[in-house]
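These protein sequence lines are chains A and B, in that order. Using the numbering used here, read the first sequence as starting at 1 and increasing by one per residue. Using the numbering used here, read the second sequence as starting at 1 and increasing by one per residue.
Among the hints, erroneous ones may be present.
As the list claims (entries may be wrong) - Covered stretches of chain B (in silico footprint by chain A; criterion: 3 or more residues with CB under 8 angstroms from a CB of chain A, positions within the stretch not fixed):
#1 15-29
#2 65-78
As the list claims (entries may be wrong) - Pulled a few chain A residues facing chain B out of the computed Cβ check, cut under 8 angstroms:
#3 8
#4 15
#5 19
#6 44
#7 45
#8 63
#9 64
#10 68
#11 73
#12 80
#13 99
#14 100
#15 102
#16 104
#17 105
Calculated from the structure, these hints are not laboratory results. Nothing here was measured: the structure is a model prediction, and the numbers come from that model. Ideal Cβ positions, reconstructed from N, Cα and C, are used throughout, including at glycine.
This is what each chain is made of:
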Amino acid sequence: AQTVTQSQPEMSVQEAETVTLSCTYDTSESDYYLFWYKQPPSRQMILVIRQEAYKQQNATENRFSVNFQKAAKSFSLKISDSQLGDAAMYFCAYRSATGNQFYFGTGTSLTVIP
Amino acid sequence: NAGVTQTPKFQVLKTGQSMTLQCAQDMNHEYMSWYRQDPGMGLRLIHYSVGAGITDQGEVPNGYNVSRSTTEDFPLRLLSAAPSQTSVYFCASSNYRVSSYNSPLHFGNGTRLTVT
């Protein structure tokens with residue numbers, strides 16, 4: 001089974017600053033899909049951004065972007081111009097090439113300091 | 001469009017009791033799954049299904065049963081609740097066509113279950 005590792009249990013960032021959350025994964029597959037989810041205190045799971053492994057270009061969604069390094073099996077999330085509403089737990093997820101399983105990291109709790 | 005509807009939101013059980021967590025989706029997703037979320041452990045897959053009549057075990061299936069009689073519904077049954085099953089449970093669905101493997105999971109709002 002694939003494993004997803006988020007080595008930063010907690011992170012903090014000043015409002016309006018930039019923060020990067022780390023994610024690495026272990027796989028022998030060449031094709032797969034990566035996701036970042038946000039879980040605010042409401043417990044809702046919200047998709048932030050996705051990346052296909054066959055695409056070299058890093059995905060971007062407004063203030064959120066990823067740094068996808070396929071050879072290093074790394075998929076970090078960069079949040080620019082951090083806002084108070086960005087405070088949440090962030091999960092990195094991997095979807096296998098067969099599509100039938102998603103694997104999640106243990107999460108990073110992000111605090112935004114006013 | 002309701003998405004994934006999960007009920008109840010909260011539940012307290014006594015050890016040994018049984019219950020069913022309900023999950024329904026209206027997006028015609030073939031893939032449905034159940035996760036449990038525990039502090040420091042992320043989301044762990046309990047069971048999943050890739051279509052009506054097809055189910056399979058995930059990482060932590062013991063103590064849970066599922067069935068998939070329709071595309072829309074995927075209930076999770078706790079047969080004899082134990083304190084170790086105290087957790088937050090999420091139902092999630094996704095497309096399951098090769099052309100759609102970049103599709104994310106769509107989550108329900110979760111159920112907080114406490115077993116005393």
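Okay, the hints, checked on the actual structure:
1. 15-29: violated (count 0)
2. 65-78: Our answer is that it is violated, as 0 residues pass the Cβ test (under 8 angstroms) against chain A, missing three.
3. 8: 13 angstroms, violated
4. 15: Because about 27 angstroms separates residue 15 (chain A) from the closest Cβ in chain B, which is outside the 8 angstroms limit, the hint is violated.
5. 19: 20 angstroms, violated
6. 44: 6 angstroms, holds
7. 45: Result: holds, 4 angstroms to nearest chain B Cβ.
8. 63: Residue 63 (chain A) check fails; min Cβ-Cβ to chain B is 19 angstroms, beyond 8 angstroms.
9. 64: 14 angstroms, violated
10. 68: Result: violated, 13 angstroms to nearest chain B Cβ.
11. 73: Given a least distance of 17 angstroms, the restraint on residue 73 (chain A) is violated.
12. 80: This hint is violated: residue 80 (chain A) lies away from chain B, its Cβ roughly 22 angstroms from the closest one there, beyond 8 angstroms.
13. 99: With Cβ-Cβ at 4 angstroms, under 8 angstroms, it holds.
14. 100: This interface hint holds because 6 angstroms falls under the 8 angstroms limit.
15. 102: Residue 102 (chain A) check passes; min Cβ-Cβ to chain B is 6 angstroms, inside 8 angstroms.
16. 104: Where the cut-off is 8 angstroms and the nearest Cβ of chain B is about 4 angstroms from residue 104 (chain A), the hint holds.
17. 105: 6 angstroms, holds
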